[in-house]
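Modelling step: build the complete structure from the supplied sequences, incorporating the hints.
Residue numbers (the working numbering), protein chains in the order written: chain P, 1 to 349; chain W, 1001 to 1349; chain A, 2001 to 2349; chain F, 3001 to 3349.
It should be emphasised that the hints constitute simulated quantities derived from the structure, not laboratory data.
Warning: the hint list may mix true and false statements.
Stated by the list, open to error - For lysine to aspartate or glutamate, the following EDC-like pairs were computed, each having C-alpha atoms within a straight-line distance of at most 16 Å:
1) A/2144 - A/2129
2) W/1208 - W/1194
3) W/1208 - P/282
4) F/3208 - A/2073
5) P/144 - P/338
6) P/208 - W/1282
7) A/2208 - A/2194
8) W/1208 - P/280
9) A/2208 - F/3174
10) F/3208 - A/2194
11) A/2208 - F/3280
12) A/2144 - A/2073
13) P/208 - W/1073
14) W/1144 - W/1073
Unchecked claim - Example chain F residues on the side facing chain W (calculated, C-beta under 8 Å, incomplete):
15) 3184
16) 3189
17) 3191
18) 3242
The model shown is predicted, which means the values in this text are computed figures rather than measured ones.
A virtual CB, placed ideally from N, CA and C, is assigned to each residue, including glycine.
Number of protein chains: 4
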Amino acid sequence: MEEVRVGIVGASGYTGGELLRLLVGHPQVEVAAVTSRSLAGRLVGEAFPSLGASYPRLAFAPTDSPEAVAGCDVVFLTVPSGVAMTLAPPLLAAGARVIDLGADFRFREAAVYAAWYGQPHACPDLLAEAVYGLPEFFREEIRKARLVGNPGCYPTAAALAVWPALEAGLAEPEGLIVDAKSGVSGAGRHPALEYHFPEVAENLRAYKVAGHRHTPEIEQLVAVAAGQPAAVTFTPHLIPMNRGMLVTAYLRLRPGVEPAEVAETYRRRYAGEPMISFLEGDALPQTKAVAGSNRVDVAVRVDTRTRRLVALAALDNLVKGAAGQAVQNLNVLCGFPETTGLPLAGLWP
Amino acid sequence: MEEVRVGIVGASGYTGGELLRLLVGHPQVEVAAVTSRSLAGRLVGEAFPSLGASYPRLAFAPTDSPEAVAGCDVVFLTVPSGVAMTLAPPLLAAGARVIDLGADFRFREAAVYAAWYGQPHACPDLLAEAVYGLPEFFREEIRKARLVGNPGCYPTAAALAVWPALEAGLAEPEGLIVDAKSGVSGAGRHPALEYHFPEVAENLRAYKVAGHRHTPEIEQLVAVAAGQPAAVTFTPHLIPMNRGMLVTAYLRLRPGVEPAEVAETYRRRYAGEPMISFLEGDALPQTKAVAGSNRVDVAVRVDTRTRRLVALAALDNLVKGAAGQAVQNLNVLCGFPETTGLPLAGLWP
Amino acid sequence: MEEVRVGIVGASGYTGGELLRLLVGHPQVEVAAVTSRSLAGRLVGEAFPSLGASYPRLAFAPTDSPEAVAGCDVVFLTVPSGVAMTLAPPLLAAGARVIDLGADFRFREAAVYAAWYGQPHACPDLLAEAVYGLPEFFREEIRKARLVGNPGCYPTAAALAVWPALEAGLAEPEGLIVDAKSGVSGAGRHPALEYHFPEVAENLRAYKVAGHRHTPEIEQLVAVAAGQPAAVTFTPHLIPMNRGMLVTAYLRLRPGVEPAEVAETYRRRYAGEPMISFLEGDALPQTKAVAGSNRVDVAVRVDTRTRRLVALAALDNLVKGAAGQAVQNLNVLCGFPETTGLPLAGLWP
Amino acid sequence: MEEVRVGIVGASGYTGGELLRLLVGHPQVEVAAVTSRSLAGRLVGEAFPSLGASYPRLAFAPTDSPEAVAGCDVVFLTVPSGVAMTLAPPLLAAGARVIDLGADFRFREAAVYAAWYGQPHACPDLLAEAVYGLPEFFREEIRKARLVGNPGCYPTAAALAVWPALEAGLAEPEGLIVDAKSGVSGAGRHPALEYHFPEVAENLRAYKVAGHRHTPEIEQLVAVAAGQPAAVTFTPHLIPMNRGMLVTAYLRLRPGVEPAEVAETYRRRYAGEPMISFLEGDALPQTKAVAGSNRVDVAVRVDTRTRRLVALAALDNLVKGAAGQAVQNLNVLCGFPETTGLPLAGLWP
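Here you go:
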């Protein structure tokens, strides 16, 4: 099989570092170029002491230099929202395929982007062309895409938790509540008081209640799965750990639906999915089971007293929630086996 | 003011240790006796290296010895459910007042206890007499009580989060969802694989989904607050930290209720409560703010898109969630100022 | 007893916050003024959500305003090194007593300060007058002082670990090795990449090997204890926890010294010290035993195979390592009982 | 290249789980059998939720069944000390090669084993035949071995830190001090109060001061490196994190030795070693840089004021400190490229 040349724009953050970690083990990929504004000219090992031995000679080019990733077959963009939509057009024009790990190419409607991200979309036609990169639900579209909007971590976990129930009409999309918990790496690598170690360790809090930007992305997925729009209540929480995300979603079960039917629906839906484990018996998702891996563990419980379906999903926010999913998308795009270079085993402990 | 003689039965667990820590600073209390089956004859400092200097000569008597706490004015029971209901009758008969930190005296109906705790109640008449020890809502009853059922940590946090809205009829009790997160000390001090450090650190999981025993206790409180019974969906989660609990509760707002009305209702309800801080502005509860203290931080948000009320409360599960609340109950029982010996300031960081 | 009016300059960092937490419970102190450049005009509760209920109306004055702490009997300075030596002279001139929690008044020789802190000392005469505020060894001098240099956290722990052995001539001061480990709050509250939660959690490293500024301060203490100067090898390490410091010191035992003699020397030396617990039997110091308290746990072991004395001390870097020691100094200065307002019990867990 | 059939005896602990995680990615290995007394008959995924997707059908055979690993080419023993020396002889007799991850085959002298492990060695002739499995120093012997004693985690880190200096005669072996810090997974998976999450988190302590069983193993390595025996002072510490080990070693520099000479000696010694990174410039070892990887980061500093050499090494105690080193030994034994299946990149964060 041939090798693709890959570039990563904005590679000194956690998502960029995770891409680099995963691509070390990808036999069809050559990391040809990485860029970083803050670390231009420095070796990868200076940003990530964990990677110096794996990329002894790779140095960051300045982010603003467009020629840095020229000649790459696939370019990953790990830059702030609003930046990717200015970088993607020339890269696509030059023939590269682009996987954006930010929010710029995730929405079907430019108006939704504008409303939640506070600026008009710079290239609505590309937005219309872009494919939402959640392979478990949009695999065929991704296969043919030039431009992939890699999903947010919370929407990935939420969608994998609730999709089978909504798709099969077992539960109401209306009234869906997504209570989500994330490790701190999801906040990125930029230091700030709220992520200063002593402020976070032995602490626990919700944030952006009723206002997080992943809300419309979750709603877009719910609409596709359920075949009808629905407003979602979404509350993220910050957990004192590095990696890992757990979504606990609450849905009203439709009348007459039995617990066994719910389990069987999930089991069937995810049977052929290499990255998704539907947990049977007493097992519940836990983030340690997927740490460092691209897997997602999913379980469901029916609260028969309240007729609620509680759907849970655990993933590693940097892997299936970001870089791993991006590599999975690259595999789909390039026709590689979908699990190539992606660890299925988690790090325990 | 006079001093009361206090005994603690089962004092070598985390709740017992926290009672001892708090009572060091209580000017009206003398700790006259502590008991422990596993550490009978050992000094307090052997169980708690943190307390050896404060109780240099206090040793544990064997738990089974009833005379160990004879002569105490107030006895705290920190023993497993099912044990307290055998210990309380003779203590009460001997004239002591009893504060049970377990579940044996929390329920109004013996049948509820039996259904959730798997055994019939041994003294239903005492259950009928016992008072539920949540001073913010049952202060007058506690004042006159001989026997107090000290609340569970989750029910305390959940009740403080939702009570004002239910009491004022701003939100529906039906459909209430309580998504709760707790530090590991809430699981007690008995070592087990699931609380072994490497299994918990960098991990996050839900447990006992749709089946935790605090569910009926929360429902009992909801029924009182709302004036009508309602089934509650309750999901606890284990968080990799020692102390702290956060409840995120979701309620449907009644038609016509405005966000400002919700905030004003909470503000008024908790205005005179020394232990409750209703957070204004952008502030949200976080467990670090109450670490080691008996305070509870409460906030509310209205999700106007979904008409959901999101009510949040943070407390220290060992203090307001257990030992601190028990001392608060002792203060009420004995007519001491309610905050005596109870820290209001948290440990930051 | 009379009340003293206290001011804290630079009160929005961790040391300032810890002073505020401790002074809540100090019956002879009124916190009259706090200052902060970054939070001028804001309430204490905005800097420390843990303290809002305890100081509901106290706001930060701008640090640069000298009149902010005018009229205070005692002023604590928690400002960067180099700043305190400009603030102290006018405060002393106005009749206040000053306790500086930085390094500006810790050294006997201005040349040592200049060599390690990179600037000449601005008021060498005040340096000569200042007293080193480690009450266990300099209590009488502190009693009469106007100006106290509150010790560094590492020197406090190191001195308490090795002092009795050196003072009694049981071990050589030459060749002393101090291997020290600290929680992250010791690095202060200013966010930086190296203290960003995901960089620290699940990580462990030494820093400033053979070059940390606490080295000459330790050497100054060793010289007093041993009666002769000695160069010390000092290595600090950063531990993924909020609070707590452990020093493991290695000394060569002098010929003929027996293990029992070492233990007896420590036992006698610390017998009357309310803040120091010399651990007997198998017990070893651990930071949790002193979390939130002003105590120090000390133990010694003799490695008979190598004739090394291993001396260990654990303390809370923010309490006995900073703010608690400062309050202890205030108590000595003002003639209050030395433990006033200082917790002896630690927070377990 | 051919595939070897591998068995793991005692595979339900952390070391066994880590072997399984690493061998997922080893192209020349088939895991043919795993055993566990406590989980006999259960699937691997029940012991390690992280591994269920990778080993969907592999179940534990009972440990005591010798036929469980019959037919394996290489058998890893991850059983308590004292057990491996009864299991190894029949396995070797049956033609398997054996890598013991415990202490039974690490010592050159049976008397040393007996003195530190409290029982006579059951097969001193095998002990004489066994090879100490630290490939960086004993690669040629391992190549020809039937029986490998896989090193302890602390001795691995200590040896890699000090070996080049001792071997080159730059520092004195006498008086060597090894101050070591380890994450909690090093204590194994058996729950006990001292490793219960709330006892460890936010805590820090030394343990087994002047008496840890890794002391003679370190001394054996020092003797080989330096060409002369020396007694070592060794102090291990427990750090509140899952994985990672840091050794800070202190040696007296020999007269006339210059800092540059030390660095150059280390640089040359480790130049060809794929698993060892000698850090240049300001970089110091940190455990996060090697988390999940088989690398070791080494650095040296000369304290010119005290003529001490401070040598530091960081590794992942479960990888290079146990399972990864065992796989490295398997690679050497079997003639595979030495890094096969072994990650060089760490998990950041």
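Tested hints:
1. A/2144 - A/2129: holds, 11 Å
2. W/1208 - W/1194: Between residue 1208 of chain W and residue 1194 of chain W the Cα gap is close to 13 Å, so the pair holds against 16 Å.
3. W/1208 - P/282: The hint holds at about 9 Å.
4. F/3208 - A/2073: violated, 48 Å
5. P/144 - P/338: Within the cut-off at roughly 15 Å; holds.
6. P/208 - W/1282: holds, 9 Å
7. A/2208 - A/2194: holds, 13 Å
8. W/1208 - P/280: holds, 15 Å
9. A/2208 - F/3174: This hinted pair is violated, its Cα atoms lying about 26 Å apart.
10. F/3208 - A/2194: Since the Cα atoms of residue 3208 of chain F and residue 2194 of chain A sit roughly 31 Å apart, the hinted pair is violated (cutoff 16 Å).
11. A/2208 - F/3280: Distance of about 15 Å is within 16 Å: holds.
12. A/2144 - A/2073: Given that 16 Å is the threshold and the Cα spacing comes to 15 Å, the pair holds.
13. P/208 - W/1073: violated, 48 Å
14. W/1144 - W/1073: holds, 15 Å
15. 3184: holds, 4 Å
16. 3189: holds, 7 Å
17. 3191: Holds, because the Cβ-Cβ distance from residue 3191 of chain F to chain W comes to roughly 4 Å (cut-off 8 Å).
18. 3242: It holds, given that the least Cβ distance between residue 3242 of chain F and chain W is near 5 Å, below 8 Å.
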